[in-house]
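Spelled out from the first residue to the last, the chains are:
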Amino acid sequence: LAKTTQPISMDSYEGQEVNITCSHNNIATNDYITWYQQFPSQGPRFIIQGYKTKVTNEVASLFIPADRKSSTLSLPRVSLSDTAVYYCLAPGSARQLTFGSGTQLTVLP
Amino acid sequence: GAGVSQSPRYKVAKRGQDVALRCDPISGHVSLFWYQQALGQGPEFLTYFQNEAQLDKSGLPSDRFFAERPEGSVSTLKIQRTQQEDSAVYLCASSLLAGASYNEQFFGPGTRLTVL
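Residue numbers (the numbering used here), protein chains in the order written: chain A, 1280 to 1388; chain B, 2 to 117.
Since the hints were made in silico from the structure, they are not lab data. A few of these clues could be false.
[To be verified] Selected chain B positions facing chain A (in silico; Cβ < 8 Å):
hint, residue
1, S59
2, P110
3, G111
[Claimed, not checked] In silico lysine to aspartate or glutamate, EDC-like type, Cα no more than 20 Å apart, as pairs:
hint, chain 1, residue 1, chain 2, residue 2
4, A, K1333, B, E105
5, B, K15, B, D87
6, A, K1331, B, E45
7, A, K1282, B, E45
8, A, K1282, B, D57
9, A, K1282, B, E105
These figures come from a predicted structure and were not determined experimentally. For glycine and all other residues, C-beta sits at the position ideal for the given N, C-alpha and C.
For reference, chain A alone in the conformation it holds in the complex (with noise of 0.2 Å):
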């Protein structure tokens, strides 16, 4: 069961890089890795997801060490519309879908 450790909070200032890394100590040699971003009154949306290294789309970057078992979320010059939940998960079957409580992240100006 992979479970995943995030903080709870993070605080940054516009224009900043934002890091959030995540912990799964116990996660599976299949299991990938999964990052969903939620606003108030939506529903989470697909962030990116990796097995392994780096993996880069437009909107992030996701670091992925050798022996996976955390996974760093970067997020390049943050705006305010980018204070949101952000929630890891590394399931490997279905009811292994934990969100967890997410990392709250405020983006100040």
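Given the structure of chain A, go ahead and fit chain B onto it with the hints provided.
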């Protein structure tokens, strides 16, 4: 294109009433998931369908909760004899592929259920 839709968006029920929540997934998506999200918490898994087969219902909190997806598309989550602790947002998500790991989920806006 159309995303995942859910109806109703808001539902108020008196304790003891039955409710039915509908989810219209993205057309062609194999997997469908239901979640319950309490205020201030992350979504909690309820049940998972692969096409019309309910492969996992381990997250359903009691036998008052029932979900179906009879034709492998639209799904309904039914809650019988609602209790106040059932008050939450119920989220539906669909994904193109089978399984939970390598599989981007697309979420609907949720149905906010309030039980009085």
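Taking the hints in turn, this is what the structure says about them:
Interface hint status for S59 of chain B: upheld, as the beta-carbon distance to the closest one in chain A is roughly 5 Å, under 8 Å. Interface hint status for P110 of chain B: upheld, as the beta-carbon distance to the closest one in chain A is roughly 6 Å, under 8 Å. For G111 of chain B, the shortest C-beta to C-beta distance to chain A is roughly 6 Å, which falls under 8 Å, so the interface hint holds. For the proposed pair K1333 of chain A and E105 of chain B, the alpha carbon gap of about 18 Å is at most 20 Å, so the pair holds.
The straight-line distance between the Cα atoms of K15 of chain B and D87 of chain B is roughly 11 Å, inside the 20 Å bound, and the hint therefore holds. Distance restraint check for K1331 of chain A and E45 of chain B: the Cα-Cα separation of roughly 26 Å exceeds the 20 Å cut-off, and the hinted pair is therefore not satisfied. With a CA separation close to 13 Å, the supplied pair K1282 of chain A and E45 of chain B stays within the 20 Å bound. Of the pairs offered as hints, the one joining K1282 of chain A and D57 of chain B holds, with about 18 Å between alpha carbons and a cut-off of 20 Å not exceeded.
For a cut-off of 20 Å, the pair hint linking K1282 of chain A to E105 of chain B stands: about 19 Å separates their Cα positions.
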